[in-house]
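Visitor: Since each chain comes alone in its own frame, lean on the hints to assemble the complex.
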Amino acid sequence: MRASFVQLISALGHFFTSRIDRLGLAARFAGALLVSLSIALGRLPLMFREVYFSGVRSLSIVAVSGLFVGMVLAVQGYEVLQRYGSAESLGVIVALSLVRELGPVVTALLFAGRASSAVTAEIGLMRATEQLAAMDMMAVDPMSRVVAPRFLAAIFSMPFLAAIFSTAGVIGAWIIGVKLIGIDDGAFWSQMQANVDVRIDVLNGLLKSIVFGTAVGLISVFEGYFAAPTAEGIATATTRTVVISSLSVLLLDLLLTVMMFRGLS
Amino acid sequence: MTSFHESEMIALKDVCFSYADRPILNGIDLTIKRGEIIAIMGGSGGGKTTLLGLISGRLKPQTGSVLVKGLEVPNLRQSELYGLRRKIGMLFQFGALFTDLNVFDNVAFPYREQTNLPEEMIRTLVLLKLEAVGLRSAKNLMPAELSGGMARRVALARAVALDPAVMLYDEPFTGLDPISVGIIGRLIKRLNRALGMTSVIVTHDLNETLRLVDRVVVLSQGKIHRDMAPEEIRSTDDPFIRQFADGLPDGPVPFHYPGRDYWSELMDQ
Numbered sequence: 001m002r003a004s005f006v007q008l009i010s011a012l013g014h015f016f017t018s019r020i021d022r023l024g025l026a027a028r029f030a031g032a033l034l035v036s037l038s039i040a041l042g043r044l045p046l047m048f049r050e051v052y053f054s055g056v057r058s059l060s061i062v063a064v065s066g067l068f069v070g071m072v073l074a075v076q077g078y079e080v081l082q083r084y085g086s087a088e089s090l091g092v093i094v095a096l097s098l099v100r101e102l103g104p105v106v107t108a109l110l111f112a113g114r115a116s117s118a119v120t121a122e123i124g125l126m127r128a129t130e131q132l133a134a135m136d137m138m139a140v141d142p143m144s145r146v147v148a149p150r151f152l153a154a155i156f157s158m159p160f161l162a163a164i165f166s167t168a169g170v171i172g173a174w175i176i177g178v179k180l181i182g183i184d185d186g187a188f189w190s191q192m193q194a195n196v197d198v199r200i201d202v203l204n205g206l207l208k209s210i211v212f213g214t215a216v217g218l219i220s221v222f223e224g225y226f227a228a229p230t231a232e233g234i235a236t237a238t239t240r241t242v243v244i245s246s247l248s249v250l251l252l253d254l255l256l257t258v259m260m261f262r263g264l265s
Numbered sequence: 001m002t003s004f005h006e007s008e009m010i011a012l013k014d015v016c017f018s019y020a021d022r023p024i025l026n027g028i029d030l031t032i033k034r035g036e037i038i039a040i041m042g043g044s045g046g047g048k049t050t051l052l053g054l055i056s057g058r059l060k061p062q063t064g065s066v067l068v069k070g071l072e073v074p075n076l077r078q079s080e081l082y083g084l085r086r087k088i089g090m091l092f093q094f095g096a097l098f099t100d101l102n103v104f105d106n107v108a109f110p111y112r113e114q115t116n117l118p119e120e121m122i123r124t125l126v127l128l129k130l131e132a133v134g135l136r137s138a139k140n141l142m143p144a145e146l147s148g149g150m151a152r153r154v155a156l157a158r159a160v161a162l163d164p165a166v167m168l169y170d171e172p173f174t175g176l177d178p179i180s181v182g183i184i185g186r187l188i189k190r191l192n193r194a195l196g197m198t199s200v201i202v203t204h205d206l207n208e209t210l211r212l213v214d215r216v217v218v219l220s221q222g223k224i225h226r227d228m229a230p231e232e233i234r235s236t237d238d239p240f241i242r243q244f245a246d247g248l249p250d251g252p253v254p255f256h257y258p259g260r261d262y263w264s265e266l267m268d269q
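Residue numbers (the working numbering), protein chains in the order written: chain A, 1 to 265; chain B, 1 to 269.
Isolated chain B (complex conformation) (with noise of 0.2 angstroms):
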């Protein structure tokens, strides 16, 4: 029995995880608070969507232990973990919003499915959210008619429509302009602080982040290399996080995909 405590939203333990043969996760311990928000950082194909995999209970580890609020997700039924899943929000990295639907249609749709609340009520409560994002003019317009930076603004407004405990974000700021970053970084402070919520963001987007987070983890390898807070980054001498944080081409991540020597190969006929 995997010990819980009060103060812990989510806690995973020894998790190790693989894709077919492929090690992404090996053994990784993480504990998150009630009202945190905390960056998941490090290279691409690092395991930083795996985690959010898993904390959802979207994906299950072979070995280890993943607790959220109490509730040991791998070993969900179905049904309890669309329950558990009702107090989770997810932010997708390009909104994943319905393109059959408008944008008021998509934030209803939680309300629509979850809840037996009357139409009317649907409305204001829809409107109140589509505010909260600025986007109330917008609520006609379809999916294909937003920019990046709005459809996902509709995309937070719907993921907090239910106001969840948990808020995931799987890279929230890529591919939009340092506007729209700038907003959807505010957004997810004030979204975390005014419903109460804890926050689990991955990213790469390192300038915005550090201004919104508590504590920064870097993975790399399948582990967890770092945990620390955002001032800590800035000024570590770590070369993996310098190279990160740097843009290093070359480094502990290197330039060149492994494989044969580039003589050898140049030689070979």
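So here's chain A without its partners, still in its complex pose (with noise of 0.2 angstroms):
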């Protein structure tokens, strides 16, 4: 009974000590990759290469989730306006969803499901194959030649996907809403132009896709340049990568928009 009471405690303290430790080699990762940023930002040629890995190969799978997204709130926007009697608002409901919330905080879940978890198993297959060490070998800092650039990548694609995805769900909601239910069009268009707002709205949802990418993009390669050479390493870093990333998207998005949007009412 005091044995494994023992035992109990010990594995608690060992649980807390090691996510601890975990989040102090994260910072120390954090701060080196900060370090190497300078070098990668010199070489953007390598960013946009993987601003085109991530970024432009996520563009199918933003685009169809968005106008799904769109065409499913318009939907249900619908059926809860037209007992109001103001279905003609439908517009600016579906925009300023998309726009604060769904559109950067759906892209991110998807970017971490489609891209990150490719990067985290990338690098954390380098690191296996011993492509990282040759390249420190070869005097070529692994952190600044494939780490750094996946990460800007991600930050660099995270608002375009983002605009894409609210883009593609105000067309969504348009198609069901004009076209197929006959809300006006005119009045689908001006009301959202009146009520969406350039800078709380549009420029407040850019701002979180940043944040989502930064932090999406952190965990990516940091997830990856830790993993265990091991196939079973790689299959539990990419499955942590998906995992932290939608709880972190989640979680800034919760403090991200009580920062931006109280009061606002």
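Please note: incorrect hints may appear among the correct ones.
Far from chain B, some chain A residues (derived; all Cβ distances over 10 angstroms) [as the list claims (entries may be wrong)]:
no. : residue
1   : 68
2   : 97
3   : 129
4   : 139
5   : 156
6   : 193
7   : 195
8   : 214
Not the full set, but computed from the structure, chain B residues with beta-carbon under 7 angstroms of chain A [stated by the list, open to error]:
no. : residue
9   : 85
10  : 90
11  : 92
12  : 98
13  : 110
14  : 113
Calculated from the structure, these hints are not laboratory results. Just so it is clear, CB atoms sit at the ideal spot from N, CA and C, and this is done for glycine as well.
Guide: Structure follows, in structure tokens:
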């Protein structure tokens, strides 16, 4: 009884100290990454190559998801709005939902699943097959050559993808609301134009996606860089990237929403 | 201040290294002269690859001194270490080719990263290196399209791209067919002579190694067990080297992993 209690305390202690240890490792890694950013920024073609792999190749999933999310929002929104006789507000409701929340958040979640997991697996495999060690032996810093461009690509891609998601969503809502349900086309667009504020809504939404891009990018490169060099290690790292990125995005969204939109009403 | 002679390319003095509380190397003294090819041999987990890590500065010893070209490697700053590494080439166990680059771009990588040479000159240099390893016509293949031996030869061409003064080989013959082993062995010897390099080879392949090295250093239990000429290996009656050379399953290196007595464990309820 006493022995199992000691074991429990020991296991709890190990659980918390290992997490604190990992947080410290992540902080040191972020510091080293920050230092290497200046070199990576001097070699923009490397970053744009990663923007292609992470961002451009995520375009289809982001655009299609945005279209469907916009359509669903339109169907659900119309159901509620028509009860109050304000179906013409469908455009503004959908646009605000997308630009403020769903665009940045869902894009970041899709990005974590589609691109960040691939980045983690790629860096993890490069480590397992000694490609990073070979680079280091050739006096080329893997942080600035491999890690930093992928991190920057996530930050750079995210706002564009979020904007594309929101645009596709608005088009989806227009197809459902105007073309299929028959809401007035002019009212749909004019209400949206009148009530969506560039600074409060659009810029805050873009700012959110930059923060999400930073978080998701950092998590993906960190997990890949420290993945155990085994098949199981890389699988675990990839899963951790998706889980931790998704939770971080949702938590950050809550914090940012409170900071940005508190007291606006 | 550790003394260093001009003729010495690498000098390790009283080097101790351990991972956490597991000692790997204990009091290693080793000097390698310019132009020499030496083999580091010993059982698995005996610290051979660790020794390469110490020479290249990827690992730092707990105590002792590691000198390469007169520079105290563990004390070098990152920029100084990278300066030294431009003069060190390393062939990894499975080549470590960049899988997203083709053969040409893999070999061109050190030139593009470390020099400001124009692309036409890089092309000429890459073709020269690929010709030296017999793979000029494979320049457009991706690493996934290469056999193990070809990948090792491309990695060798990449490792010697900047004409290093020191070449480190981490088990260069592992997993290769006899023809590829012969090719890699001859290339190591030829390149060492042509480029005036000093080579350190970590290997288990006794037959090929003895044909090309000047000295064999045998590691055992974290120490240098013997430092001898290759021809002595075949004639020595040292039990550890005999077990290693003849591939005997039991001997100074036991077959069974250390643990409890077999009989007492069987009888244990």
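Visitor: Against which earlier hints does the structure fall short, listed by number upward?
Guide: 3, 4
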